[in-house]
Every structure is written in C-alpha cells, then in structure tokens.
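Asker: Below, each chain spelled out in residue letters.
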Amino acid sequence: MYYVISDFLKTLKHVSKGSKWYYGWLAFLTFFILLGLVAYIKQLNHGLIETAMRDQVSWGFYISNFTFLVGVAAAAVYLVVPAYVYNFRPIKEIVLFGELLAATAIMMCILFIVVDLGRPERVWHILPIVGAMNFPSSLLAWDVLVLNGYLFLNLFIAFYALFKLAHGKELNMQIIKPLIIISIPWAISIHTVTAFLYNGLSSRPFWNASILAPRFIASALCSGPALMLIIFQIVRKVSRIEIEDRAIFKIAELIAYAMGLNLFLFAAEFFKEFYSGSIHLAPMKYLYFGLHGHTGMVPWMWTALIFNITAFILFLLPKTREHYFSLNLACVLVISGVYIEKGMGLVVPGFIPGTLGEIYEYTPTMVERVITIGIWAAGALIYTLLLKFAMPVYTGDLRFTVRGEKALKTTD
Amino acid sequence: MSRESDRRSGRPCRSISRRDFLKGTAAGIAGAAFPFGSTIVSVWESFFQKHFREMSQDEIRDVIERLQREYSEKFDTRIDINARKAIPGTLFGYGLDLSRCIGCRRCVYACVRENNQSRDPQVHWITVLRFKKGEKWVNDLEGAEKYYYPEKVPEEGFFYMPVQCQQCENPPCVKACPTQATWKEPDGIVVIDYNWCIGCRYCMAACPYGARRFNWGRPRIPKEELNTETHYLGNRPRYVGVVEKCTFCIQRTRAGRYPACVEICPVGARKFGNLLDPNSEIRYCIENKRVFRLKEDLNTLPKFYYFFAT
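Chains as they are written, first to last, in the working numbering: chain A, 1 to 412; chain B, 1001 to 1310.
The reader is advised that the hints may include incorrect statements.
Unchecked claim - With a straight-line cut-off of 30 Å between C-alpha atoms, the simulated DSS-like cross-links for lysine-lysine are: (1) K1146/B - K285/A; (2) K164/A - K388/A; (3) K1074/B - K285/A.
What the hints assert, rightly or not - Covered by chain B, according to a simulated footprint, are these stretches of chain A (three or more residues, beta-carbon under 8 Å): (4) 47–54; (5) 112–120; (6) 126–133; (7) 136–142; (8) 319–331.
Calculated from the structure, these hints are not laboratory results.
Every residue gets a Cβ at the ideal spot worked out from N, C-alpha and C, and that includes glycine.
Full structure from sequences and hints, please.
Answerer: Take a look at the structure:
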C-alpha cells in the first residue's frame, strides 16, 4: 500500500512540474475549460433553448463533435494492427500514444453526449440493471456498451503497459495479446455502431444509406492517424522518445489509401443521389448546392471536399508525403476536411429538409460553441497530462519503487 | 393563431452576457436537475423514481401523490393525476377527412389547452400543412407550407393536412429510445414517462412524422389556463429537457371521451374510435372510404388514416 501511495505522489509531482511553456499551455486550456463550464451552467439553467437546436433540427454541434471523435478513437486500431499483428517495429513503439489518444477521445465523446442531454442527472437510466437499458433494440444502448468497453480496453492496455514499464519489467504478452486482438474488431465496432445509430433510421433518407458505415470507417482512418502524426512530432520534440521517420511516413501512406477509399465512396454516393434524382436527393442538394435558397452548408462542404482531395494528393505522392511541411499541411487539411464532413456535414442534413419538409437552417449559438471549445480543451488537458506521465515512463526517466529494491531516482 | 406566436417556437437565442452567465449559478444546477419540490426528501424521491412500468400499484400511488404535491407548490392549484389503464378490447384509431379540413388550426390550439403544452416557448403537437391543389401529392412534403397566414381559410386552390403522432403499430421511436422511456400501451397509444426520459432526442430523429416535441426551454403555462384533469402518461405538466407528443388525449379517451381535436373540429373532419369494434365510425371510414396512411413505404403501420370523403 505504501508503494502505491508513494508512486502516486511521485507521478503527481512529476506531472505538476514542467517548463514555462508547459504551465502556459495548462493555464491556456484551463481558461477555456472554465469558460465552457460557465456556458454549460447557463445551459443547465435555461435548458437546451440556449442552443440553436429546435424540433426541426434536434441534434447539432454537440453530436457532430461526438461523431467526429468516435472516428478519432476508432483510428487507434490503425496503429495497433501493423504494430502487433505484423510486428512492424517502428510503429509498435508508438502504439501506446495512440491508445491513450483513443481513450481521451472516448472521454470527450461521453462529455459531448452528456452536454447534449436534456436531463443529464437521469443519465443512469441508460445503464443496464440499475436503469432500463433498451438493449438490444436501441442502437444508442449498443453505443453505450461499445464505447465504454473500448474506453476500458484502451485504458487497461495502456496503463498495464505503463505500469510494467514503470517497474522496469517486461510486458506479459499472454495477458496483453488477447486484449489487443479484441481491441481491433472493437475499434471497428465503435464506429460501425455509431454509423448504424444514424443508418437505422428510415425516417432520415440521408442517413438511411448502406454506404454510411463504410464511409465512416474510411474517413475515420484518415482523420485519426493524421492527428496522431502531428502528436508524434510534438512528442519527438518535447521528449527523448525517438520516433522514426519511417514510421511516420508509413502512417502517412496508409492515410492516402484510406482517403482514396473515402473519396471513392463519396463519389459513389454522389452519383447515386444525383443521377437517380429522387426526392431523397434533397439533403445532398442542400449540402452541395443549397435548397430553396438555403445555402448555409454549401461553402463548408466544398471546402471539405477540396481539403480532402488536396490532402489525398499530398499523402499519395512520396515526395510531398516525406517532406514535413507538406506532410503537416496535409494532416491539417485532412483533420479539418473530415471534421466538417463527418461532423456537421453528416448530422445536419439528416434533418434538412425535416420529415415534414421544413427547412430550418442551423448555426450553433455562442453557448454551444463555448461549451464545445471547453470540451476540446478538457480533452487536450487530459491528453497532455497522460503524455506527461507516459513519456518519461516510456523513456525510463520515471520509475516506480520496485519491492525490495531501492527507489530509482526520478530525473527530468 | 397569429404569425407572431407561431414564429416564437423557432426563435433564435439571445447572445450571452457575462452577468447572465454567473447569475444564480449554484441554484441553477439544482433547479435544472429538480424543477419542482423544495424538500430534500422530494428531491431524493424524484431522483430515484423507478421506471413507470416497473412500479407496483402502491408505488404508482405514492409517486402520483408526490407529483401532486410538487405541482401544487409550483402552480398553487390542485392537479388530479390518474394512471387509468387501457380498457381491454380497445385499439384506438384515428381518421382524418382531408376534403373537409379547412386549415383553421382550431385543433392545434384546442390540443395546447387540453394537454397543458408550454405557452412560452410555444409547443404544438399538431402541425397543419398546406398543399397546393393540382401539384405534388402529400408524400412530397417539401412542397408543403407550414407557415401560412391568410386572412381567411380555406383558401382557393389549396388543401390542408394536419399531422400529429400517428400512433404507429410499429413505432420507430420506441425502438430507438435507449431507456425504454417511451412505449406502446395495450390500446395502441405510444406514451412517454416524463420522469424517465433523459432528453437524448434519439426518438425525434427516428420519427418520420415530425410528431415529437422537445421542451427546449422551461415550459410555462399561466395558472388559470391549466387543465387540472390529467393522466400520468398524458397531459400532466412537463419538465424542461424531456420529449412529449400527442397521446390521442389519453386522459379523455380512456374515460370514454373524444380527443380534444376531434371535439373542436368545426367541420367534422376528424374521426376517432376503437379499431376492434366493427361498428365504430373509424371502422366504417376504413372500410368504405379509400384511406391511406402517411409514408406507408416505411412500414410503421400508423393507426392514423387519411382520406378524401368527397
């Protein structure tokens, strides 16, 4: 017991120490978290009327962010597959950071769901046993199960690995390997179930297309790893961890293939809707050309498309892929492109036109934006602290007390 | 019935001021969580209230007593809540004669009064759509107009189609609800437990008829306009952050009365009755008129039949 406490204190001490930049970054994030909290209290006070959502468009910015982040979380699998199954050493070294990112993304997902609820204090009604979970009928019930399972799985794998490393021991592959194998289909499942959540609704023609789940996976495999690439470069800069260029370029190459698939699936959907031209074309028309003079989403959607195509080319050509400026540019383009496409570009057209043909154009209010920024800041804070702990453990600079031995010194 | 009031339900939000932000912060959290009831016990009981269908008769009675206490504190008047069960051998069905409907929206407001919908922000359970005659058929709803404001109805060259909860036999909303807060009763009415709904609005996304309404703001009803004869699963006052919808006036129809919209209709366009009774008016309509249901391709099997009698 004594060891646990002293190790915990050691961790705490380590995490709370850092450079001026580190403190500045934490303060910056805390500021936005507090701002988001204040906005959320306002929303709790007055109800969701503080948002721009209405009966016509009953899901908005929060659910858009949720959907995007499920994709980020799912994409951890992209690093796990080659690392563990094919033993691609350079990526294997860095899977840990991908798993921590996945766990953080799921925590943000949960926050986005909670702020979207009309009665957050009743959230326990959704749980099995204590509540009245509508399983297996409701896809939302499925989503609760798979997302929490995925969170647990990633946290367990990551912390087991960190715990062993911190004690200077080898990982027990007999424990870890089955979990890793499970986590691969599980990652696919979280995104598939989230896609099915929309896909299963016959009331919303835009979502009720079989291409939805494959497109979800394809786009998630672009944005998640792109985010990872940026994070790896930061990790490389602020710590002694060496991440090989080879690993980074390999991931970039994989993103190119995923984006190619994503663009192909998009083209298939675009063709089907516009060529057949049934009345179910309306949401697609709203997105790309506007509907009856309502053009709120049009500039965003074309921006996303241009971003995605440009990034595809940059990732595809070895010359631009292996040049850090164009690589990072492509990462930013992919993240923004998918954020628009799999966020607002997916959720809003489900509701426009509404089931009774009404067009209500949705633009998030200041409260929605501030709360959203607050949750992103909270996610960044969680990930920063996790990295701050994981990096020195990984490099061997932070070691826990091993029973029967004298504690190794912590160096910074 | 004015343009002003109809617009209000969809009005955009005010921007935030810092003072608003901080005002009543702590009280606000508690207030949002537990709208009525000032005692700790009440708050506790309200938080741990069980799912309606898992409660025994005694527990339902206790809950209703507590709710009545809470409502009387809030509205300063006594509200009767009953939990009358479905009458065996009934399956309610609705008929609407589109050739009679004049689009006057009297049903919309009779419903609001009967069912204690919020007056500010306005909540309506019935939407009346206006279609141009000789153009598209009612399954292309994009051509419909919800916001029509003529001097007089009916207007030349138009017909009207009121839409409310279609009480599907195969309801997509019930399937979607993650907490089983909404379900289909034995008499075919789809109901919601307002004390169990978490406000996720998945049911609203699932409904093909735009029938479900959310309490985006705190519902407000002037005390003198309150209908104090209520049903637990029907027209008792609602809370902020929960979903509500038409229940075929469960408080009336289970007591052998007509829904308020049927009663108010000045042209007799609305029919209501027991689908299991071969002599009922609704059965007559289905058997003798050429009826159709909305979005039949979705296989939701509504118990709401439209027809043109003339």
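Asker: For the stretch 47–54 of chain A, does the count of residues with a C-beta closer than 8 Å to a C-beta of chain B reach 3?
Answerer: holds (count 8)
Asker: Take the C-alpha atoms of K1074/B and K285/A, compute the straight-line distance between them, and say whether it is at most 30 Å.
Answerer: With a Cα-Cα distance of about 48 Å, the restraint between K1074/B and K285/A is violated, given a limit of 30 Å.
Asker: Establish whether the coverage given for the stretch 136–142 of chain A by chain B is satisfied; the threshold is a Cβ-Cβ distance below 8 Å, and no fewer than three residues must meet it.
Answerer: holds (count 5)
Asker: Given as covered by chain B, does the stretch 126–133 of chain A meet the bar of three residues or more with CB within less than 8 Å?
Answerer: holds (count 4)
Asker: When you check the alpha-carbon spacing of K164/A and K388/A, does it fall within 30 Å?
Answerer: 17 Å, holds
Asker: Has the stretch 319–331 of chain A got at least three residues whose CB is nearer than 8 Å to a CB belonging to chain B?
Answerer: violated (count 0)
Asker: Can the restraint linking K1146/B and K285/A be considered satisfied, given a maximum Cα separation of 30 Å?
Answerer: Holds, at roughly 21 Å.
Asker: Mind taking a look at whether chain B covers the stretch 112–120 of chain A? Criterion is 3 or more residues with CB to CB distance under 8 Å.
Answerer: As far as the stretch 112–120 of chain A goes, the hint holds, because 6 residues have Cβ atoms under 8 Å from chain B.
The earlier numbered hints that this structure contradicts are 3, 8.
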